[in-house]
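*Asks:* Spelled out, the chains give:
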Amino acid sequence: MTREFLEKLKFPEKVIKRIFNDEDVKAITDETLYKHTIENIKRFSNYGFTIKDIVIIINKNPRCLTINFKSILEVLNYLESLGFSKHKVTKIIKLSPRIFDRNPNSIAKRLKDIETLGYTREEVLKMFGDFSAIEELSLNKLSQMQKDLQTLGYTEEEIHYITVKFSPLLTLSFEKISNMYEYLKSINLEEIILRTPSRVMQSVEKTYARYMYFKEEKDEIITVESSSKIFESSKRFQNRFGTSDEYLLNKYPYIENRERMINNV
Amino acid sequence: MLDKLIELGIRDIDINNMKEFINEDNMEDFNKIIELLKNLNCSDSMIRNIVVGNPIILQRDYEDILEVTNYLTSIGFKNLNLLYDSYPMFLNKDVMEIKDYIESKVKNNISLEDIIDELENNPLLIEELE
Numbered sequence: 001m002t003r004e005f006l007e008k009l010k011f012p013e014k015v016i017k018r019i020f021n022d023e024d025v026k027a028i029t030d031e032t033l034y035k036h037t038i039e040n041i042k043r044f045s046n047y048g049f050t051i052k053d054i055v056i057i058i059n060k061n062p063r064c065l066t067i068n069f070k071s072i073l074e075v076l077n078y079l080e081s082l083g084f085s086k087h088k089v090t091k092i093i094k095l096s097p098r099i100f101d102r103n104p105n106s107i108a109k110r111l112k113d114i115e116t117l118g119y120t121r122e123e124v125l126k127m128f129g130d131f132s133a134i135e136e137l138s139l140n141k142l143s144q145m146q147k148d149l150q151t152l153g154y155t156e157e158e159i160h161y162i163t164v165k166f167s168p169l170l171t172l173s174f175e176k177i178s179n180m181y182e183y184l185k186s187i188n189l190e191e192i193i194l195r196t197p198s199r200v201m202q203s204v205e206k207t208y209a210r211y212m213y214f215k216e217e218k219d220e221i222i223t224v225e226s227s228s229k230i231f232e233s234s235k236r237f238q239n240r241f242g243t244s245d246e247y248l249l250n251k252y253p254y255i256e257n258r259e260r261m262i263n264n265v
Numbered sequence: 001m002l003d004k005l006i007e008l009g010i011r012d013i014d015i016n017n018m019k020e021f022i023n024e025d026n027m028e029d030f031n032k033i034i035e036l037l038k039n040l041n042c043s044d045s046m047i048r049n050i051v052v053g054n055p056i057i058l059q060r061d062y063e064d065i066l067e068v069t070n071y072l073t074s075i076g077f078k079n080l081n082l083l084y085d086s087y088p089m090f091l092n093k094d095v096m097e098i099k100d101y102i103e104s105k106v107k108n109n110i111s112l113e114d115i116i117d118e119l120e121n122n123p124l125l126i127e128e129l130e
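Residue numbers (my numbering), protein chains in the order written: chain A, 1 to 265; chain B, 1 to 130.
These aren't lab readings, by the way, just hints derived from the structure by calculation.
Using N, Cα and C, we set each Cβ at its ideal position, and we do this for glycine too.
Check the hints yourself; a few may be wrong.
[To be verified] With a Cα cut of at most 27 Å, we get these calculated DSSO-like pairs of lysine-lysine:
{"#": "1", "chain 1": "A", "residue 1": "K147", "chain 2": "B", "residue 2": "K19"}
{"#": "2", "chain 1": "B", "residue 1": "K19", "chain 2": "A", "residue 2": "K109"}
{"#": "3", "chain 1": "A", "residue 1": "K112", "chain 2": "A", "residue 2": "K91"}
[As the list claims (entries may be wrong)] Calculated Cβ distances over 12 Å to all of chain A for the following chain B residues:
{"#": "4", "residue": "K4"}
{"#": "5", "residue": "I6"}
{"#": "6", "residue": "E24"}
{"#": "7", "residue": "M27"}
{"#": "8", "residue": "E28"}
{"#": "9", "residue": "N31"}
{"#": "10", "residue": "K32"}
{"#": "11", "residue": "E35"}
{"#": "12", "residue": "I75"}
{"#": "13", "residue": "K105"}
Please construct the entire structure, taking both the sequences and the accompanying hints into account.
*Replies:* This is the structure we're talking about:
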């Protein structure tokens, strides 16, 4: 019954298979599943989710079809009560469909826990609104990241500033951040991270290759002020400077620089 | 799976923080995913970042990640190692999700080439958080 209904809605076969392989789905009868599926999809749609959104959400959390929509609505209403628009709530859910595995109290507790790390309520909500996946991170992980960043020499205020300004940084490995920081520091550009924390997303390999291009081929030493050119998109970079990232990555492999840095220490 | 994480060089403290995602039944898939990442020229450090930054990968199907990778390559993405390293959660996307994003941008008269360029430069855009 449920399968036919999902097929009629053009759910991809892969998603249907995933739904029926889910342990929570297996634990209920097809009749119950069918009832919830019809109800939940209809009400998701009424809330403002497109059918494509719904497929994406269910694909990542098939459990959404096994629970009463009342529980789902409680989460949606809770998110709205935090000040997020319906449109924003749909974006949050698409990024973090596992949020339906929790109830408003447990979400509130997680957000409250983040406050204990020194953030204000407003800051936590900004971080969550910017990147809701931080709500899935354990308090230990967040706290460890703060400690790790301190080992790079950042003050508590700086860590606070960086993580509020760019909360996705909290999901990256410390090794990635540390590699980027150490490299930027070796070329006196570590200030970039404080100015624009999202720069740590770019791989150190690309950062190194582009920096070396300017140094070796243009006889130009990149400064903090001129550093935006090493963070440009590939297309813009190629259009402006006539060379591709692939070429530079091959010509200036970071791994060799890394070994030199380690040997110098 | 624990042994594999240690073998990859992931810190104990990070392994502890991802224990809830460990699924021994998914070991075969996880091994294949790691091999796939190596074939994409991910360095050991990138692989550690991808796993620590996106522990859900421990539960992902290899076929899904292969499908996403093949799709991204087929439409013109280059250096997927850099993309996945920049935003490890990109690996949680399904092809239909990426297609959906691209279609919505194409409707706004943005060329595929520019969409790819923007995503490679800032993979977070896929989440459409603004």
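*Asks:* List, from low to high, the hint numbers that the structure doesn't satisfy.
*Replies:* The structure breaks none of the hints.
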